[in-house]
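Chains as they are written, first to last, in the numbering used here: chain G, 245 to 484; chain C, 245 to 484; chain R, 245 to 484.
Don't read these hints as lab results, they were simulated from the structure.
Just to be clear, a hint being listed does not mean it is correct.
On the chain G side, residues computed to face chain C include the following (Cβ under 10 Å) [as the list claims (entries may be wrong)]: (1) A352; (2) P362; (3) L388; (4) M396.
For each residue, glycine too, the CB sits at the ideal point set by N, CA and C.
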Amino acid sequence: MPNSNPAPAAMTLDDVRSVSPAFAKYTEALVVNDLWKRPALSARERSIVTVAALIMRNQTIGLLPYVNKALDAGVTPGEISELITHVAFYAGWPHAFAAVAIVKDIFAQRGIGADQLPPASPELLPVAQAVPDETVLAAVVEGLRPNFPGLMDYTEEVLIREVWRRPGLVPRDRALATISALVAGGLTGPLAFYLNRAVLMGITQAQVSEVVTHLAFYAGWPMVFSAIPAIQGVFSAPAP
Amino acid sequence: MPNSNPAPAAMTLDDVRSVSPAFAKYTEALVVNDLWKRPALSARERSIVTVAALIMRNQTIGLLPYVNKALDAGVTPGEISELITHVAFYAGWPHAFAAVAIVKDIFAQRGIGADQLPPASPELLPVAQAVPDETVLAAVVEGLRPNFPGLMDYTEEVLIREVWRRPGLVPRDRALATISALVAGGLTGPLAFYLNRAVLMGITQAQVSEVVTHLAFYAGWPMVFSAIPAIQGVFSAPAP
Amino acid sequence: MPNSNPAPAAMTLDDVRSVSPAFAKYTEALVVNDLWKRPALSARERSIVTVAALIMRNQTIGLLPYVNKALDAGVTPGEISELITHVAFYAGWPHAFAAVAIVKDIFAQRGIGADQLPPASPELLPVAQAVPDETVLAAVVEGLRPNFPGLMDYTEEVLIREVWRRPGLVPRDRALATISALVAGGLTGPLAFYLNRAVLMGITQAQVSEVVTHLAFYAGWPMVFSAIPAIQGVFSAPAP
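So here's chain G without its partners, still in its complex pose (with noise of 0.2 Å):
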């Protein structure tokens, strides 16, 4: 059987523009030489953005020169190891393993091995630092736990207690990470809760903003307009 996983080859504005000068000239004056040099949002966090956005999409096409942009601008391959963990958690295992098939010949190549990774049981960040709202998802679970108890005993053991607080990724990259990927994915259910973590964690709405204004190229425009209320919802509350 044949049975390999080739990373699918980035395609270059030459192979676009063979089928389509208009999208080559698109992608070359709007996503190039424009949306990513905007200042609202660094390279390296707008790699985050577009990282997490491409595992939540399952957009395999996009993964290896997307990393490898993300390790030139100053995404560690601890935080990338830490990213796709994290993600795995929102996006589902298979999207994630589909990111470790194309990520593990990365490191491959550039020669990243263990003793980049952030190990598997690190000692974690406290609380109140990485989960500050904790009691608000402490009562969500407890409401839920009559009816779901196998679902709220790994959301309590391994995503409140655990996932975020693990220290090769910070807080902060983590919102960021989080809220791309279900703008991304369209699930607008939960993004006001994260929404409200990442302003915790110091990102601004109009870094907010701009995450949206990034990820209309990488999800469409449709699917970013869809999150609009969920984000204008949090906006305009009063501050706590």
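Following the hints, position chains C and R against chain G.
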């Protein structure tokens, strides 16, 4: 033109570890050694849930290992065959074709031939057994027929009168696959209807709850949380 | 690092039969010999609907056969080129790049060169013809500009002022592709707006109904049923 469908290789735990020791730890401790061994659903049932979800989300990387796992756990080749056909109507033809591309090689490798597959046109199960809520569906179809005559003809002739009545996969397994696909695909609109059907077919609330727990790992936490309101609505409704 | 994009091979009916005789039967009887021959939409129109839906859902396995089918049914190479560019804005860049990876080989095999593709910057159609509802959009954009300045700039400068006005794909075909992509992607929020635009461009209710019928097979029954409320709302609204 290059033209092939190599089945995407399943990632081994060592592959995962080379990118993220933490992700390998969670995979082993939470999914392999815990989730799949929880008693509320058998490995056979979890296989049906997983394969339905993978097709629904076009997660081809998971199909090679999980269809093999399903066959090892007691899902027959004939049931895999029916499962793909069934989910085609809920996930769309192209997702099911992507599954065919992988499963045909698995069947060839295992020497599974036409004699082990259900016939195209078998004798159908009684309506009362396979579509116990036919009158509810018929009313919906009649209401929508003026504006959607083509869709309603296909719905009536194939989905209502035929697919669920095919004997190669028992109605209870079809219900399990359908609610799994709907939850995994975020298609919560028709979820209440199919949950009620699942209950009629003997699937308990505890089993539905466990399907949701299982799918948190395969479709991500936000996706299954989005299904909770519809599920709670069915759970809390008075018995008919 | 392996690095290639073989176009996923289309499954033949024999491939499908080797996994499921029933699925082959339904494919042949319902899709090939019935759906595509229904008179409410031409094969050319069904090709536009299908390709838009496949890009929207990243169903690369369908692109090789269906882009070829589109070219055989009278969609010109220039229209395929514009269609990919158009849908990029609605499905996101990476899905469109995955289409480019497959279509560039189809174009090469058929000897389709730059002379058959629309220029990057053609003379644009009049606003009244391509964006008849521009004042509605402008009001939305102004309302959202305070919180989403970047997104609104791109929306105004490119989506409103340029994409729909490109002459390489007539506005009616753009409307057909857009509503197909929105239904296939479950993005029902903006569906009413684009349905109204489609009606302005001469697409009838019977044709919209047939688009939904067609997409049931390509995106699954629950996805198209999710779009029905928005469509019913437009159908039942009094004529303006």
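Proposed interface contact between L388 of chain G and chain C, which counts if any beta carbon pair is under 10 Å:
holds, 7 Å
Are A352 of chain G and chain C close enough, Cβ to Cβ, to be under 10 Å, as the hint says?
At about 8 Å, which falls below the 10 Å cut-off, the nearest Cβ of chain C leaves the hint on A352 of chain G intact, so it holds.
Let me know if the C-beta of M396 of chain G comes in closer than 10 Å to any C-beta of chain C, holds or violated.
Given a least distance of 9 Å, the restraint on M396 of chain G holds.
Should the hint that P362 of chain G touches chain C count as held when the rule is a Cβ pair under 10 Å?
Constraint on P362 of chain G satisfied, holds at 6 Å.
No hint from the list above goes unmet by this structure.
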